Amino acid sequence: MALWAVIIGTCAGCYLLKLAGLSAPRRLLDHPLVQRFAMAVPVALLAALITVQTATDGGQQLVFDPARVGGIAAAAVALLLRAPFLVVLVVAAATAAGLRLLGL
Amino acid sequence: MGIAVGLSGVAFGAAAVTAGLSVPQACVLSLLAFTGASQFALVGVLAGGGSLAAGAAGALLLGARNTLYGLRMADLLPWRGARRLLTAHGIIDETAAGALAQPTGAWARTSFLTVFATIYVMWNATTLVGALATERIGNTEAFGLDAMGAAVFLALIAPRLREGRRERAVAVLAAAIALAAVPFLPPGVPVLLASAAALVVPGGRAATGGSTPERGDSGAPSDDGGTGRTDRGEVRTWRSGR
Chain A
78 MALWAVIIGT CAGCYLLKLA GLSAPRRLLD HPLVQRFAMA VPVALLAALI TVQTATDGGQ
138 QLVFDPARVG GIAAAAVALL LRAPFLVVLV VAAATAAGLR LLGL
Chain B
106 MGIAVGLSGV AFGAAAVTAG LSVPQACVLS LLAFTGASQF ALVGVLAGGG SLAAGAAGAL
166 LLGARNTLYG LRMADLLPWR GARRLLTAHG IIDETAAGAL AQPTGAWART SFLTVFATIY
226 VMWNATTLVG ALATERIGNT EAFGLDAMGA AVFLALIAPR LREGRRERAV AVLAAAIALA
286 AVPFLPPGVP VLLASAAALV VPGGRAATGG STPERGDSGA PSDDGGTGRT DRGEVRTWRS
346 GR
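Chain order of the listed sequences is A and B. In my numbering, each number is its position in the first sequence, counted from 1, plus 77. In my numbering, each number is its position in the second sequence, counted from 1, plus 105.
One thing to keep in mind: the hints can contain errors.
Claimed, not checked - Partner residues aside, some chain A positions facing chain B, computed with beta carbon under 7 Å:
{"id": "1", "residue": "124"}
{"id": "2", "residue": "127"}
{"id": "3", "residue": "156"}
Think of the hints as simulated: they come from the structure by calculation, not from any bench. Since the structure is predicted, the reported quantities are computational estimates derived from the model, not experimental observations. For glycine and all other residues, C-beta sits at the position ideal for the given N, C-alpha and C.
Construct the complete structure from the given sequences, taking the supplied hints into account.
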């Protein structure tokens, strides 16, 4: 039940954020500092999410899972080579699955 | 563009179910939140063992850039009343990039509606497919799906990292903050704390006025190097990062 509440709340919040921009008086959110923060936050959040998903056990424990790290590293290489989105995902999953199959 | 969005839809459906959401819950998120990066953030935090509140906070932080798009597009999309309420739902990276790249208001409106409709249908259909497929696979780790979650984020962030030193500095600092905070703070909180990196890294190149849409954290990597100079390239740059 709590999960449903959070999901509905997140949906409502995301929608209201969109509506606020469309309806707000321009000068309110046109401040350069606000803009810079809003555009840099995604980079920070996503970088943190990548780190946490790569290097923790899902809790407060830092772990090194060679298969997972290998899969993500492979994805990074694919991105550097400008591979399409699907290829990046498949490379990540296949590498991790392959390394696990090898017993890592 | 539709195909790329579809692929991330499948990935989102899979990530949501892996994180413990039910298939209807994954679908409701795509139908009602309809902002991919936020949705990924919510399930990403939950999958990482984070609290519900931390997951929601991360999603809303990521959704805040849609407010800026709305501000920029308010002049281009002059609809009022119920139409405006519906318009608001369609304000995402891709529709903003498309509309703001058009030379006239009429073109901007056509672009907005077309991109909105296309992506909305694709995103929701493929979320369902991904969620159902993952529900039937038992052990997602054996298929490497745990690595796929982070790979999605990596693909979302890649165009931004190509943009400049400041973006890379923010990313490195955020990663370091998160890593250092993990042992000491409850799951989910380190990720939120890391958003402070966006505040402390000085802006070598502040987000300049009108060019904002190309700066969004957008989707899949584009082969134009994320510069988004051409119309087509620009839309593709943005394709999956709602």
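Hints and how they fare:
no. : hint : result
1   : 124  : holds, 4 Å
2   : 127  : holds, 5 Å
3   : 156  : holds, 5 Å
The structure shown violates none of the earlier numbered hints.
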